[in-house]
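J.: Required output: the full structure, derived from the provided sequences and hints.
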Amino acid sequence: MEIPTELFAQLTDPATTDTVFHDLCANAIPNELYSAMRYHPATIEVERIASTMPEIYPVGGRKPKKDTPWGQKVLIDRHINLGSGADDIRWAFSDHETILGLGLDQVMNVPVILGEQVVGTMNYLRPQQPFSLQEQAIAQLLAACLAARLA
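For the sequence shown, the positions run 1 to 151 when UniProt numbering is used.
Hints are supplied without guarantee of correctness; some may be wrong.
What the hints assert, rightly or not - Beta-carbon label-pair distances, calculated as ranges:
{"id": "1", "residue 1": "A42", "residue 2": "T5", "range": "36 to 46 Å"}
{"id": "2", "residue 1": "A151", "residue 2": "V59", "range": "30 to 40 Å"}
{"id": "3", "residue 1": "P64", "residue 2": "A148", "range": "18 to 28 Å"}
{"id": "4", "residue 1": "A86", "residue 2": "D13", "range": "37 to 47 Å"}
{"id": "5", "residue 1": "L100", "residue 2": "V59", "range": "20 to 30 Å"}
{"id": "6", "residue 1": "S94", "residue 2": "Q140", "range": "19 to 29 Å"}
{"id": "7", "residue 1": "D88", "residue 2": "P14", "range": "28 to 38 Å"}
{"id": "8", "residue 1": "P30", "residue 2": "A144", "range": "30 to 40 Å"}
Keep in mind that the hints were calculated from the coordinates and are not lab data.
The structure displayed is predicted, hence computed values, not measured ones.
All C-beta atoms, glycine included, are put in the ideal place defined by N, C-alpha and C.
T.: Okay, structure coming up:
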C-alpha cells in the first residue's frame, strides 16, 4: 500500500480545500470514522476540525486530554496509539460507549507533528480489522501533510 503520486500532489497542493484534503485522508485508509483534531497545548485539549460522522462527532467539538494516559502517549510523547478491542477503546476514550455502540473497536491515533511540536491528531476507527504497519506508515505521511496545513 502506498500513496499514489496524484494523491500526494493533491494533499500537498495549497489550492486543495480543507474539505477535499480531509476527504482524501479519510479515503486513503479503510475506516468507518475519520477525524482530525487541532491540539491546544495550553489547555491540553483537542478540537475536531474534520469528521466523517459530523452528526455524532461535530467539527468544533473539544475533548479534554489533560492527565490522561492517551494524552501523554499521543500528545506529549508523540507516539501512535493503536488499539484493538473494547478494552483499548475504553482506555483511550471517555466517550467509549458511543464508539463501541457504533461497532468500532479498532483505532489508530496519529500525532500530527510540526518540527518538534504536536499540533494535532489524525484518527481512524473501524470494526474488527487491526490497522497494519503499511496503514500506519501511510497515516504518518498523511499527518505530515496535515501538519503543513496547520502551520
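J.: Compare the structure with the hints numbered earlier in the document and write down the numbers of the violated ones, lowest to highest.
T.: Checked against the structure, the hints that fail are numbers 2, 8, while the rest are satisfied.
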